[in-house]
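Residue numbers (the UniProt record's numbering), protein chains in the order written: chain X, 1 to 480; chain L, 1 to 180.
In case anyone wonders, no lab produced these hints; they're calculated from the structure. Remember, predicted model here, so these are calculated numbers, not experimental data. Even glycine gets a Cβ: it sits at the ideal position worked out from N, Cα and C. Don't take every hint at face value.
Stated by the list, open to error - Okay, derived cross-link-like pairs now, BS3-like style, lysine-lysine, Cα gap no bigger than 27 Å in a straight line:
#, chain 1, residue 1, chain 2, residue 2
1, X, Lys95, X, Lys203
2, L, Lys29, L, Lys175
3, X, Lys342, X, Lys301
4, L, Lys29, X, Lys153
5, L, Lys175, X, Lys154
6, X, Lys189, X, Lys47
7, X, Lys115, L, Lys29
8, X, Lys115, X, Lys203
9, X, Lys47, X, Lys114
10, L, Lys29, X, Lys332
11, X, Lys189, X, Lys293
12, X, Lys154, X, Lys386
13, X, Lys87, L, Lys140
14, X, Lys203, X, Lys153
15, L, Lys175, X, Lys332
16, X, Lys293, X, Lys362
17, X, Lys95, X, Lys351
18, X, Lys253, X, Lys189
To be verified - To give a feel for the contact side, a few chain L residues facing chain X, derived at Cβ under 7 Å:
#, residue
19, Val42
20, Leu50
21, Asn52
22, Val178
Said to hold, decoys possible - DEER-style ranges, computed between Cβ atoms:
#, chain 1, residue 1, chain 2, residue 2, range
23, X, Arg400, L, Asp137, 43 to 49 Å
24, L, Ile121, X, Asp316, 21 to 27 Å
25, L, Leu70, X, Ile78, 31 to 37 Å
26, L, Phe108, X, Leu151, 26 to 32 Å
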Amino acid sequence: MRLRYFLLCILMLGATMSQSQNKQLLYDFNEVPQALLLNPGMTTNFKWYTGVPVLSGVSFQAGNSGFVSNDLFANDGIDFNTKFRDKIINGMDYKDELSGTYQIELINVGYRSKKNDRVFYSFGAYNEGDAIGYYFQDYALLAYVGNTNELNKKYDLSHLKTRGEILNVYHFGINKQVSNQLSVGFRGKVYSSFLNFNSTNNKGYFVTTEGDRNLLNATLDADIEIRTSGVFELKDAIDDQSNGSSVPGILTKRALFGGNLGLGLDLGFTYNLDDRTVLTASVLDVGFIYHSKDVRTYSLKGSASTEGLEVILPEDIINGTGQWRTFVDDLKALVPYEVESKNFVTFRSTKLYASLRRDFGKQIGSLKDCYCTSSVGGNSNGSIFKNSYGAQLYAINRPRGPQVALTAFYQHRLGNFMSLKSTYTIDKYSFANLGLGASIQAGPVNMYLMTDNLIGYTNLANSKYASFQFGINIISWGKN
Amino acid sequence: MKNSPNLFYFFWLLTILACSDAQNFDQAKDLEVITEATGPMVYLETTEDLINTTGGVSQNIDFNGFNVDLFADRVISGSIIFQLENSTSKQLDIRIDFLDEGGNTLDFELFSLNPAPPTVISDYEVFYGPPSGKSIDILKNTSSFQISILNNSGNTSVSSLPDPKLIFRSSASFKLRVLE
């Protein structure tokens, strides 16, 4: 029973989105400080800001590229096994993704340099979890259908492709307005990993064919590796509370640089092509984590082909016993299963954003000479227009290669106190993803709320994707 | 500021309007995963010379593939295919005993083969488990086979075929419960 729920949880959790981690609503939303985390080279007109701890940036995204909840759990009277076979086993393929992500800001502070008002510093920490798994199609077929009627079918072992992690990220960013046309930014990051698992470079196959001597031949050619870090110390602490290791203690240690550590950086820029046209781009999480603590690697590597237990007489006539043990040992020697503790490096999922924005409509005001505390947004000239539209590109590197999403957006500003952004995003999974985000400036208090895939809200059971993000900040605007 | 409440009304409305068809997650309890696995089992060959020399052959073969927990706890039903090929000049009776750990016979199969030429190839399929097969417990408790070849044609005749042998081939196919 537990195995069944585990399988379902994997499928449900995993079945997530290409859009995973795409924050198209927040990107280039200059009124919200958290947009600096998506483009450290964003135009900034903050004097300073501080996020409300833990509430300044909360985001969650989940979805499913292969099926919707209704496919399996609708009260439709159809046998669950029939639905499972049709929608999962026969309905998904190895390209369907299984993923999800969340991010919770712990601290986020930004302030303008007193020596140079064109320089803005920001720093903070956030906790992030991210997992992706692709539907392990051939493994599922082998487990669900079997090989009896599938002679000569090569079950592809590369279909096991997954990775996930939970980590704290400590960051410090510098944003500089180089000229009226150009702002650039850099953010350095230190990663402190709580736990990590990954298995992304598997190869090999399993096949059953007609035998040369016996009726059948079974061949396993495997190069499979699953690497973990930070898992077993936690598991042991949970299993055995009496051994002195407490889960909160372990987590606290890992949160404060006691986990596996890594380094990364973000880069970005904003460039004004003219008074009303803005080009932006950023690359995020170019980095790695070196795993040396609580590491474990499971591997199955080798090649073996067998036609069963073979007895050739008269040569084997004296071997009355032990054939089975020898047979099994020989196979194990050819395809050894090993558990090792060896260090490894993981690279983060690097993200790329780019946008082209065109401002139009009435100019709300200019921050160029205004050090007031209520004007928001604007381009590098400090100009703010009532409306903007444009397009954004998002790409993320994934185990099966880059995934790309294209977004068209329209942003409307209601004075200096509210800004609304709507998006329409397409990728290979969805052509109907509408999003809406809003930022409100109530005195020094900034609140934002953004949600994606609005159409999905009309029937969540039929939705493959849902996401939201919200936060509260205290902001002082102006350059002095 | 007068517009800010409108924004939250919108998201509140969104939340209120967010609908979902009724879902019954208890259906997951009904999930059964039963696979059909197949693979080679045992291959045995013996020369006509050996049969002539010994008058018959009896060979014990360890086979713990069926009594390991991974198999025994999950098997529902299945079948074993035996293929016997006789190119010797002998009329042979083949007996396969399924033996438990103590060497006791749990079950046996008997096959009879005519002498070559021509080479005789005979297939036999034996079913186990429901609906009408032999008891699956026979396999679950089997830890070795005793293959006995009884020569009914004396020990002097020699087949006119090249490299005369008795060949025993086998494979097995089973329904296994992966999830329960």
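Proposed proximity, Lys362 (chain X) with Lys293 (chain X) (alpha carbon, max 27 Å): Roughly 57 Å between the alpha carbons, so the hint for Lys293 (chain X) and Lys362 (chain X) is violated.
31 to 37 Å as the expected CB spacing between Ile78 (chain X) and Leu70 (chain L), which holds or is violated: The hinted range 31 to 37 Å holds for Leu70 (chain L) and Ile78 (chain X), with Cβ atoms some 32 Å apart.
Pair hint Lys29 (chain L) and Lys332 (chain X), alpha-carbon separation not exceeding 27 Å: Violated, because 36 Å separates the two Cα atoms, which is more than 27 Å.
Satisfaction of the hinted span 43 to 49 Å by the C-beta atoms belonging to Arg400 (chain X) and Asp137 (chain L): Given a distance of about 46 Å, which is inside 43 to 49 Å, the answer is holds.
Asn52 (chain L) as an interface hint toward chain X, with CB separation required under 7 Å: With Cβ-Cβ at 12 Å, over 7 Å, it is violated.
Distance restraint evaluation - Phe108 (chain L), Leu151 (chain X), Cβ atoms, bounds 26 to 32 Å: holds, 29 Å
Distance restraint between Lys189 (chain X) and Lys293 (chain X), which requires alpha-carbon spacing of 27 Å or less: holds, 20 Å
Proposed proximity, Lys203 (chain X) with Lys115 (chain X) (alpha carbon, max 27 Å): violated, 56 Å
Given hint Lys386 (chain X) paired with Lys154 (chain X) - CA-CA distance at most 27 Å: Measuring from Cα to Cα gives roughly 59 Å; hence the hint is violated.
Given hint Lys203 (chain X) paired with Lys95 (chain X) - CA-CA distance at most 27 Å: Holds, at about 16 Å.
Residue hint Leu50 (chain L), partner chain X, criterion CB-CB below 7 Å: holds, 5 Å
Straight-line alpha-carbon gap Lys175 (chain L) to Lys332 (chain X), limit 27 Å: holds, 25 Å
Hint check: violations occur at hints 4, 7, 8, 10, 12, 13, 16, 21; the rest are consistent with the structure.
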